[in-house]
Amino acid sequence: MAAAGKENVFAPWKDDAAVPLIRIDQVSKRFGDFTAIDKISLNIYPQEFFALLGPSGCGKTTLMRMLAGFEKPSGGVISIDGQDMVTVPPNKRAVNMMFQSYALFPHLSVWDNIAFGLRRDGLDKDRVAARVEEMLKLVQLGQFARRKPHQISGGQRQRVALARSLAKAPKLLLLDEPLGALDKKLRQETQFELMDIQEKTGTTFVIVTHDQEEAMTVASRVAVMDQGKLIQVETPQVIYEQPNSVYVADFIGDVNLIPGSVSELGGGAALAWAEGKPPLLGQPGASLAKGQNATFAIRPEKIAISAEEPQDRNNRVQGKILEIGYLGNLSTYHVELPEGPVIKCEVGNRSRVERRDFTWEDEVWLSWSDTAGLVLAR
Amino acid sequence: MTRLTTFNIVSLTLGFAFLYIPMLILVIYSFNASQLVTVWGGFSTKWYGELLRNEAMIDAAWVTMKVAFFSSTLATVLGTMAAYVLVRRGRFYGRTLFSGMIYAPLVMPEVITGLSLLLLFIAIGLDRGVLTIVLAHTTFSMCYVSVVVSSRLVSFDDSLEEAALDLGASPFEAFRLVTLPIIAPAVISGWLLAFTLSLDDLVIASFTAGPSATTLPIKIFSSVRLGVSPEINALSTIIIAIVTVGVLTASIVSKRQITRRLREEAQAG
Ligand SMILES: Nc1ncnc2c1ncn2[C@@H]1O[C@H](COP(=O)(O)OP(=O)(O)OP(=O)(O)O)[C@@H](O)[C@H]1O
Ligand SMILES: [Mg+2]
Numbered sequence: 143m144a145a146a147g148k149e150n151v152f153a154p155w156k157d158d159a160a161v162p163l164i165r166i167d168q169v170s171k172r173f174g175d176f177t178a179i180d181k182i183s184l185n186i187y188p189q190e191f192f193a194l195l196g197p198s199g200c201g202k203t204t205l206m207r208m209l210a211g212f213e214k215p216s217g218g219v220i221s222i223d224g225q226d227m228v229t230v231p232p233n234k235r236a237v238n239m240m241f242q243s244y245a246l247f248p249h250l251s252v253w254d255n256i257a258f259g260l261r262r263d264g265l266d267k268d269r270v271a272a273r274v275e276e277m278l279k280l281v282q283l284g285q286f287a288r289r290k291p292h293q294i295s296g297g298q299r300q301r302v303a304l305a306r307s308l309a310k311a312p313k314l315l316l317l318d319e320p321l322g323a324l325d326k327k328l329r330q331e332t333q334f335e336l337m338d339i340q341e342k343t344g345t346t347f348v349i350v351t352h353d354q355e356e357a358m359t360v361a362s363r364v365a366v367m368d369q370g371k372l373i374q375v376e377t378p379q380v381i382y383e384q385p386n387s388v389y390v391a392d393f394i395g396d397v398n399l400i401p402g403s404v405s406e407l408g409g410g411a412a413l414a415w416a417e418g419k420p421p422l423l424g425q426p427g428a429s430l431a432k433g434q435n436a437t438f439a440i441r442p443e444k445i446a447i448s449a450e451e452p453q454d455r456n457n458r459v460q461g462k463i464l465e466i467g468y469l470g471n472l473s474t475y476h477v478e479l480p481e482g483p484v485i486k487c488e489v490g491n492r493s494r495v496e497r498r499d500f501t502w503e504d505e506v507w508l509s510w511s512d513t514a515g516l517v518l519a520r
Numbered sequence: 397m398t399r400l401t402t403f404n405i406v407s408l409t410l411g412f413a414f415l416y417i418p419m420l421i422l423v424i425y426s427f428n429a430s431q432l433v434t435v436w437g438g439f440s441t442k443w444y445g446e447l448l449r450n451e452a453m454i455d456a457a458w459v460t461m462k463v464a465f466f467s468s469t470l471a472t473v474l475g476t477m478a479a480y481v482l483v484r485r486g487r488f489y490g491r492t493l494f495s496g497m498i499y500a501p502l503v504m505p506e507v508i509t510g511l512s513l514l515l516l517f518i519a520i521g522l523d524r525g526v527l528t529i530v531l532a533h534t535t536f537s538m539c540y541v542s543v544v545v546s547s548r549l550v551s552f553d554d555s556l557e558e559a560a561l562d563l564g565a566s567p568f569e570a571f572r573l574v575t576l577p578i579i580a581p582a583v584i585s586g587w588l589l590a591f592t593l594s595l596d597d598l599v600i601a602s603f604t605a606g607p608s609a610t611t612l613p614i615k616i617f618s619s620v621r622l623g624v625s626p627e628i629n630a631l632s633t634i635i636i637a638i639v640t641v642g643v644l645t646a647s648i649v650s651k652r653q654i655t656r657r658l659r660e661e662a663q664a665g
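Chains as they are written, first to last, in the working numbering: chain A, 143 to 520; chain B, 397 to 665.
Excised from the complex, chain B in its bound form:
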């Protein structure tokens, strides 16, 4: 361990303050007894109670979870397939065009993606609701999955799959039994990425959501426009807590895996 110099301590503190003070204030005010967001009126958990009784909010949360789950799952399947074909199936005619096209949505302004999807859904007469949001989120998060998975596939040893074929596996079995288990960590992180992207998307969801289904970000954004209520603070605090727990668990699990692997390797060597 190296000792930190004063300069390093100051820059670290400033950086973290910049990142976390807004959230800290939000968390503190979620326990504010006062109706006014900016005036401290003593400690209370009443806004959490209010939140639980707010059915529109609960509905929106439920829709958000559903959308995130289905869209990220769909995006993972499609993104993995696309990455596999683009990376592993060598050079075929039009490959450069395809790989360019799959990454285009990454740089496309969300407003344009949202608008074009909206126009599409109207054109084919699809009622806007959970399904349309799922489809929209799948479209834009699939290319993130594809990026994550292809970066893993690039370093994947081709001869493993050839060995599987050589031993009598069909091409699909070779993928399912050899390639997929090996790239699984990348697929899982792709899924998690798609899930979080879907959770906090506001722009595309607003274009493709209908009166029958509203996601949490839309709900929060529209209620904030009518004035910030402490209820929203409470909701945000819960979300922060969930995210924190998620991130911690993920890092602990992966750290354990690494240490276990290192220990096994040490034993073997």
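Chain A on its own, in the form it takes in the complex:
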């Protein structure tokens, strides 16, 4: 994960003295009597790569459009670089947006599309030309400069849109699902390109995405949204390893969720989940009380599978293999427990020769360490 190495060095959100670039304070947006954004408060710091994640319709685009100035908040204050933005029209903001649809001007060439914003600033011809050439080089589109947007491929269009929004060197760049239309390989390349650009230009990025893997790869912090509210804002690593709710755990990555009730609470938490079975041990989430209904969350890759009962681990359950999936780099096993739940576990395929250890209907043991799982309030 990209942010993993960065985390020690770059974490302005932990620094009380750091001045945020964007302050979003109690911002709401209502369309008629529908609340699209519900009292969101959030600080985004200079040079962050901030990802907004959430299911369709949760208000990601609406939040971006308020930052860009296309929508006015129904309540609350947005300030960018210390300036209250409520009355500032989009064309007066040092913010550029890369639209999900790219919104390239169809009647202008690639070159003129990129030059559009620079010309609006009244730069002289030579400066415009120099900057456009620089941008074309950055996105490697030099030989397509004279083409119209309909004469280039989807991926090239996306890069033109990126170049156009970067050309003015904005303080803040908003990317609304910038890579949605690309195939997986090109998407990964572009993700790294984006991170590279971000490092070179020092621009602050806010990126909206449906693809959580993308968010994990590029972001310094991830915000998980649901129905107009922020559920958790954290680094990708924390979001993945310490989700603050079942919602986040379930939304980010694969997770096994086992319902039960809290039977013991101390440094760790124990969850009674089935009659006559030892409780499952894990780390306690926030606002947990003894006796409360809770959910045990465990990631599939943290579960080991074995034929014999493992003696060294407290968390162990027995079940029958329901399904085996081969995904190239790893295999997944769906194991049905007699108590009901189906547990998914992932095992890396290290050796090229397949070890046919387990097959359908085999009785197997699943086990994990005391710190691998989380007990989350429901």
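There may be inaccurate statements among the hints.
Mimicking EDC-like on lysine to aspartate or glutamate, the simulated pairs with C-alpha atoms at most 20 Å apart in a straight line are [stated by the list, open to error]: (1) 234(A) to 569(B); (2) 214(A) to 523(B); (3) 313(A) to 558(B); (4) 234(A) to 558(B); (5) 214(A) to 558(B); (6) 267(A) to 569(B); (7) 326(A) to 355(A); (8) 290(A) to 553(B).
Counterexamples of contact, computed for chain B against chain A with all Cβ distances above 10 Å [as the list claims (entries may be wrong)]: (9) 489; (10) 512; (11) 578.
A few chain A residues that face chain B, going by a derived Cβ cut-off under 10 Å, partial list only [as the list claims (entries may be wrong)]: (12) 204; (13) 207; (14) 228; (15) 232; (16) 245; (17) 250; (18) 316; (19) 446.
Since the hints were made in silico from the structure, they are not lab data. These figures come from a predicted structure and were not determined experimentally. Idealized CB from N, CA, C, for every residue including glycine.
Starting from the structure of chain A, add chain B with the ligands where the hints point.
Positioned in the frame of chain A, the structure of chain B with the ligands alone reads:
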């Protein structure tokens, strides 16, 4: 290419005959040497010569062109503005009323439009002449322009204009540099439509024309009432020729544009 059946050939022939035989007869008789319109007296181009010496006719033609040019230009500006506000500026208070009102003149009987304009001009004491015809034609052709332009604007991607604003263009620059060039074909066809509407309008022009200015349709209509002269045939033939050339050029130009675009797209893909 599919082969035409006999039935299709017959219906095609009948249809075209219905459309074009009257005009064909008119064209043939414009080369008639005889004074009598219905009697063929041999081939001659003398009526074309007569026409060129008929100053009242030339004046009327000139007035018609002027009126058509100015009214269609004015109507295009106003109609485009109206369409833009109605389609692009979202829902504002009274929008439905406005859009209903802008299209009302389309279905209003011309006699009523003409009469009301006449009353207005008299009321404000405006002398009837070229100016009043221009204003009258602008009024009724503007809603045609507005219809043509708004049908294009409906399919226009909002985010293009937002992108322009986002890149620092003022709302007016966004319109001038992005929206207008993209909807230009619709604006041009709106202008052409307004121009032709103005060229052949008789009813509204008769209400709003004064003794100082007469348009060609009025002139033709009034002279026909005194008896059809072969001169009118000659004039009509010229008009037909102009229209034919115009239509052909327009279709050739647009066809070229389409093929060029297709070729460019093929190269790109
Ligand atoms: N102009 C509008 N009028 C009324 N409702 C709107 C408007 N714009 C957005 N909404 C509503 O606000 C909610 C949030 O929309 P938004 O576009 O921000 O979602 P999103 O998170 O970007 O979703 P997606 O991932 O599908 O793009 C949706 O329920 C949407 O229907
Ligand atoms: Mg969206």
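Going down the list of hints, with the structure as the test:
For the suggested pair residue 234(A) and residue 569(B), the alpha carbons sit about 13 Å apart, so the restraint of at most 20 Å is met. The hinted pair formed by residue 214(A) and residue 523(B) fails the criterion: a straight-line CA distance of about 51 Å is larger than 20 Å. Pair hint residue 313(A) plus residue 558(B) holds up; C-alpha atoms about 19 Å apart against a cutoff of 20 Å. Simply put, residue 234(A) and residue 558(B) have alpha-carbon atoms about 13 Å apart, close enough for the 20 Å limit, and the pair holds.
Distance hint between residue 214(A) and residue 558(B) is fulfilled; the C-alpha atoms sit about 14 Å from each other, no more than 20 Å. A C-alpha spacing of about 19 Å is found between residue 267(A) and residue 569(B), which places the hinted pair at or below 20 Å, so the restraint holds. Simply put, residue 326(A) and residue 355(A) have alpha-carbon atoms about 11 Å apart, close enough for the 20 Å limit, and the pair holds. Of the supplied pair hints, the one linking residue 290(A) and residue 553(B) holds, its CA atoms being roughly 17 Å apart against a limit of 20 Å.
Its beta-carbon lying about 15 Å from the closest one in chain A, residue 489(B) satisfies the requirement of being farther than 10 Å from that chain. The Cβ of residue 512(B) lies farther than 10 Å from every Cβ of chain A, with a closest approach of about 40 Å, so its non-interface assignment holds. Not every beta carbon of chain A lies more than 10 Å from that of residue 578(B), the smallest distance being close to 6 Å; the non-interface claim is violated. At its closest, the beta carbon of residue 204(A) sits 14 Å from a beta carbon of chain B; the interface hint therefore is violated under the 10 Å criterion.
Taking 10 Å as the C-beta cut-off, the interface hint given for residue 207(A) holds, the closest approach to chain B being about 9 Å. The criterion of a C-beta within 10 Å of any C-beta in chain B is not met by residue 228(A), whose closest approach is roughly 17 Å, and the hint is violated. Annotation: residue 232(A) was flagged as interfacial toward chain B, and the flag holds, the nearest CB pair being 4 Å apart, inside 10 Å. The interface hint given for residue 245(A) is met, as the beta carbon of that residue sits about 4 Å from the closest beta carbon of chain B, less than 10 Å.
Restraint check, residue 250(A) versus chain B: the minimum CB separation of about 8 Å is within 10 Å; hint holds. Because the beta carbon of residue 316(A) sits about 9 Å from the nearest beta carbon in chain B, less than 10 Å, this interface hint is met. For residue 446(A), the interface hint is violated, the least distance from its beta-carbon to any beta-carbon of chain B being 50 Å, above 10 Å.
In the structure shown, a violation is registered for the earlier hints numbered 2, 11, 12, 14 and 19, in ascending order.
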